[in-house]
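*Asks:* Here is what each chain is made of, one letter per residue.
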Amino acid sequence: MTTNSNNTSLDLNAIRARLSGSQGQQLWRSLDELADTDEFRELVEREFPQGAAEMTDPVSRRTFLKLMGASLALAGISGCTYQPRQYIAPYANAPAGWVPNVPVFYASTFVLNGYGSGVLVKSLESRPIKIEGNAAHPASLGATDVFAQASLLTMYDPDRSQLVLKNGQASTWEDFTAELQNALSVQETSQGAGLRILTETVTSPTMADQLNQLLTTYPRAKWYQYEPVNRTNSHKGAQLAFGEDVDTLYDFSQTKVVVSLDADFMSPGPGYVPYSRAFTNGRKVSEEHREMNRLYVVESTPSTTGATADHRIPLQAHKIDSFARTLAQRLGVGSAAGAEFTEHEEKMLDVIARDLEEHRGANVVLVGEHQPPELHALVHAINDALGNVGSTVNYIEPVEVRPADHYVDIADLTSEINAGLVEMLVIIGGNPVFNAPADLRFDEQLESVNFSVHLSLYVDETSSLATWHIPAAHFLESWSDARAFDGTASLVQPLIEPLYAGKTVHEIFAEMLGQSDQSNYEIVQTYWQSQLDAPFEEAWHNALSLGLFDGTASPVKTVTLQGSAVGEFVASESEGIEVVFRPDPSIWDGSFANNGWLQELPKPQTKLTWDNAALMSPHTAIGVLGLNIADPNNPTINDYEGLALSNGQMIDLDYRGGKLRIPVWITPGMPEDSITLYLGYGRSKAGRVGDGVGFNTYALRTSDAPWFGSGAEVTNAGERYSLVSTQDHWILEDRDASIYRVGNLKEFAHDPEYLKHEIHHEEFGDAEHEQFSLHPNAVYKYNAWGVVINLNACNGCNVCVIACQAENNIPVVGKAQVAVGREMHWLRIDRYYSGDFDNPATYLQPMACYQCEQAPCEVVCPVAATNHDREGINNMVYNRCVGTKYCSNNCPYKVRRFNFIQYTDIESPSLKLMYNPDVTVRNRGVMEKCTYCVQRISAARIEAKERAVQQGDPEYIIEDGAIVMACEAACPTEAITFGDLNNPESRVSKLRAEPINYGVLTELNTKPRTTYLARINNPNAELETE
Amino acid sequence: MVQIFRPSANLLSRLSIFGTILVLVELILITGVFFRSDYWRQVNIAIEQPVPYSHALHIGELGLDCRYCHTGVAQSSYANIPDAETCMACHSMIQVNNPDLAPIFDSYETGATIEWVKVHDLPDFVYFNHSIHVNKGIGCSECHGQIDEMEVVWQEQALYMGWCLDCHRAPEKYIRPREDVYDMDYVHPANQITVGRSLVQEYNVNVDQLTDCFICHR
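Chains as they are written, first to last, in my numbering: chain W, 1 to 1026; chain H, 1027 to 1244.
Just so you know, these hints were derived from the structure itself, not from any lab. Do not rely on the hints blindly, as some may be mistaken.
Unchecked claim - Partial pick of chain W residues on the chain H-facing surface, computed with a CB cut under 10 angstroms:
1. Y87
2. A94
3. P100
4. N744
5. R870
6. T931
7. I942
8. E946
Stated by the list, open to error - Stretch by stretch, here's where chain W covers chain H in the computed footprint (C-beta under 8 angstroms, at least three residues):
9. 1096-1103
10. 1123-1137
11. 1149-1158
12. 1226-1232
Nothing here was measured: the structure is a model prediction, and the numbers come from that model. Glycine included, each C-beta is placed from N, C-alpha and C at the ideal position.
Please build the complete structure, drawing on both the sequences and the hints.
*Replies:* Okay, structure coming up:
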C-alpha cells in the first residue's frame, strides 16, 4: 500500500512483495505517509522535527534570556553560601507498626458513571501516590481504566475549588448550612413540593438510603438523575424485552463467536476490565493452544473493540438497526423485509448468521449503549434464540438504585423549573449547565431557581450559575460506597484528609436530614451496621481490607422474553449527513477536562491530543470539503496529499438548531456520510488546563437524539485550525514485517513457525550465524530482565501510558510542545493501518525502551550517562546527562525523550506531594526513557537480598511475578509480561520461546529485551478471499 | 614625535596576557576546590538542633541501641528520626522539668511536629538505602563516624560519589560481621581484607553489580 518512491533496489521490493504474503500486508500510519509529504519524511529521518530545538517565538526567547540572566546572577550569589538547610519533621505519635518510607496499600473504590471498580491506593507517609487495581474485586481484577489512574492528578489539582461560594463570593460552610436550614423549613410546610435533587447515576447503597430518608421526610420532593453518558437505552431495552428492569452480564470465557453491534465493550464502562480480559484470553494462542474466538464488529466509529475485530464493518449508526434485524431474520427472529444492503454486507450477514448458528450457546451478541432501546430488546431476543441465555449471557437485578431515563429526567426538571415549581435545587456533582441537552437550555433555567446548590470538585459552569457552590471531596478524600457492574458492593475509603475542606454528598444529605452531628465516616458505617451480620467490626474490617463486601454480587435472575421484544422493522429514512456523539476516550464526558495527563493522552484511534475534531471518512471529507479529486476510489499520491492537508480544515455544522465550527480529522474506517463528535471539550470553566481546549459538541446534542441523528448541514468554513496528532511521531523506517507482524489462525495452526522468518536473513542470507558485533559480549549471571508484549491482547486502550506517567513522574508538555514532537510519554502506542483507507485493519503496538543488549545509544554518549547494567537494563543517569541528545539520535526505536525546557512543575505545592519519591523528578536538559520501573526492581531485589542474608541462604531469589511494572499492572488484558529471562520457568521465558515471538528491527543486531508475540487474526474462511 | 609605546611596553602586554590566563585558571581551580571542600559540604560542622539531644549521653554513656530511636534502619531505606512518643517513653519520668525538652513535651501534647535540621543531605537523584547496608554488614560508624561521642551531630564524611564508590568497588575493605553493625567502637581487624573477602562471600554481595548506575541512581 505504501506508495514509496522506487529508489530502493528492485530486489528488495521483490522480496517485500513475496513476504507480504506470509507476513501480512504493508502497514501505514497516516495519509501523510501515503502522500509521502515533506513533513512526513522529516519525521521519519529526524528524531525531532527541524527547528524543534530552537526557540522561534520571539517573546518566549526574550523571556528565556531574561530568566537565564537572573539564574546566572543567582548562581553567583548562592556560590558563597551553604546549601539550603532542609528539615525533617517526624510524627509526634507515629501510627503503630509504621515503617518509614515503606508504602502501604489501602483498598478503595473508583466510581465512573456511578459504577464502582476496586482499586488499591499506594500511600506513602499518608500521601496517595499511585492507584492500582484490586485483584480481588470483580470489576478490577487487578487492572484499572485510564480514568482511575489519572484521578490521582485530579485530587492534587491546584485548580480544584477550595472555598464555599455564594453567588461567586467567598462564604463559609456554616453560612451555607444556616441558609440551607432556612430553605428547608419552608419546604417542610409544603412536604418538599419545591425541593428537587439532581444527581448523577447512583449505585451507592448509603446514598440510596439517605435519598430514601429524604424522600420520606419530604414526600413531595423529587429526585432526578442526569449524566450525559448513561445506560438509559439498555434499561429501556430490558423493559421492552422482559417487561422488567434487568442488567445483562456477559461471560466471554467460553465464547467462540462475538458479534458487536456498535458495542465498544473494550472501552471504559461497567464491566470493562473483566469483559476485555475474558474476551482477550480467548484470543491468546500458543504452540500448544491453536484456537481462538472470532469477533465481528459492526460500528459507526472506529473503536478499540473494532481494532481487535477479525471482521469489521463500518456502518452508519442508524443502519445498525436494520443490519441487526436482517441478521435476526436469518436466525429466525422477526422479519426485516425491505432492508437494503450492499453485496459485501449481504455476504457478511450470511456468514455471521452461519457462524452464530454453528456455535449456538457459545456466542455473544452485544449492542452498544448508543443504540436505541428497540435494538437492545431485539438483541435480547437474538441471544435467547441462539441459546446463549444462561450460558454466555445472564441477567441480574439492576445495579442502579433507580434506573432512570436520564433525558426524560433532565427534561422534566427543566420544565418544572420553567413552570416555577422548583424553589430549591440540590445538584450533586455533574455539570448539567455544560452537558445537558442543548435544546433544554438548562443554563437559562438554573438561574431562575431561588436556592440552588452545586457540590462539585471545581467551580465549573454549573457552579457559577448556582446560588451556592460547595467544594466536593475527591474520592481519595471521602468515605462512601458503590456497586460494581455485577452488583458487588465495596467501600470508598479516604487516603488523606480533604486538601481543601471538601464535603461529600453524604454530609450534604445528612445536613438536610438534620443529622449534621454525624461525620462522613459515621454515616457510611451506620448504614452498613444495619446491613451486615454481627459481629459488625469484623465484617467491616474485612470489607475494608479486602476492598469489597463478600457475597454482595447480584444473583442471576430468570426472565421471560415478551412478545414485544422483537419489535417491528421500520425502514430508516436518513437524509444528509449523520452525526454521532461518543464520550471522549481521554476526558470522558468533560469531567476530566482539567487533567493534563488525560488531555495529552493520544486518543486510541486518531492519536489526537489536546483537542476534539469532526471525525469523518476520506470520501465524506472529499464531498464535504469539495476537494478536487478525480477518482476517489483510485487516489493518486497528489490526492493523498490533498487529503492529508484537509486535516484541520474548519467546517460549519448546522444540526437540529445548533451550530458548531469544528476542524475535520480524516479517520479511515469511518462509515460514509457520517461524522463522529467526541463529547466533553470546549469547557469554559474547567480550570487552567481544560479551559478553551477543543470544541463544545454538547451544543449540538439534543434530548431527542442524544447519540446520533441525521440531517446535518455541513459547509466548508474556509478556515484552518491546528490539530495535533502524534500518529506520525517517533515513526520507524518502513520495514513493515520487522516492526509489526500479523498472521492468521489457519496458517498458524498449520505451521506455528510461519511468522518466524526474518527479512534480513532473506535479504542477506545470514540465518545461521550470530551477527558480528563490536559490543562486548556481556554475560548476565544474575537476573536478566525481559518483557514480552502480546499484540493479540493489546487493543490500544492507553491505560499503560497513564500508569507509566503516574509511576514515573512524567511531565505534561502542552499542545504547542506536542506539535513539535516533544511529548514525554516513555511508553507510546503506535497505531498502524493496513489495507485501503475506507476500512483498514488497525494494529496497535505499545513501544518503550527495549533495553537492547547491544544498545546503540550507549556507545555514542560522550559523558557515559547511559550505561548497561549487570541485569541487562540500559541505565539512564540523569545527573550525568548533559543533553547532547546523541543517544536519541542513534536510537532506532525512537523511545528516548528529552526535557527541552522545564516541563515538570516543581513549584505547585500540591503537585509536589503527588510525585513518586522513588523516581527522580527530572529537570530541564536531561534525557529520559523507560527503565522497566527500576524502582520496583530495586525494591524487590533489596527485599530478596535481605531475606536471603537474614536466613543465611547462599543466593537470593526473586520469584516470578514479584516485580510488576506499572504498565503491566494496569493492563486490563494482561498483554504485558515482565520477568527474568535467566529463569527458564518464568512466564516471560516461556512466552519468548513461543514460535510467534519476534523482536523489532532485529536486523540491526540490537538484541532487544522486549519482544512481541505476533498478532494472529481469525478471519472466517468464507470471507478470506476478499 | 616620541613613540607612545616603547619596546619595553611589550613586556607589559605579555605580562597582562599571561597574567589574565593565570588568574582565570586559578579562579577555576579555586572554585573547584571550594565546591569540593569540607566547608561547602559542611563536614565536621556541628549543627544545632531545636532540642539539644546528645548522642554522647544517650548512646555513649547510657548505652542505648541505635535502633531504639531509628526504628526503620533495618527495614527501610530511611533511618527515621523518632517521634516525640519515643522520647516520652523515658522522659515522661526523667528530666520532666528540663526546659530544653519543652519542644518534645509540646509536640507530644499538641501533635505539632518538631523540625529537626537535616545533617546528612544527599542529592535528590541518589537513592541510598539504609536497610540493605546494615543487613549486609556495613556498620553505622563507617559513614556516620563516632556518633556515640558527639554531643551535637555533625557530618563525618563529605559523601561524594567517589567516596561511595571506594566501598562499592571494594566492600571487603569496610564490611564487618552483621552482629557488629551497630557497634560504635568496632575496630577493623588487622587482616580486614582477608576477613572482608570471606564476609563478602558469606553475605553474597555481588560486588560487580555495586557499580551499576541504577543501584543508586534512577
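*Asks:* For every hint, state whether the structure bears it out.
*Replies:* Checked hints:
1. Y87: With a closest approach of 4 angstroms, the W/Y87 hint holds.
2. A94: At 4 angstroms from the nearest chain H Cβ, W/A94 passes the 10 angstroms test, so the hint holds.
3. P100: Where the cut-off is 10 angstroms and the nearest Cβ of chain H is about 4 angstroms from W/P100, the hint holds.
4. N744: violated, 41 angstroms
5. R870: Hint holds; W/R870 Cβ to chain H Cβ min 5 angstroms, cut 10 angstroms.
6. T931: Interface hint status for W/T931: holds (6 angstroms vs cutoff 10 angstroms).
7. I942: holds, 5 angstroms
8. E946: holds, 5 angstroms
9. 1096-1103: It holds: at least three residues are needed, and the region 1096-1103 of chain H offers 5 whose Cβ sits within less than 8 angstroms of chain W.
10. 1123-1137: holds (count 4)
11. 1149-1158: holds (count 7)
12. 1226-1232: holds (count 3)
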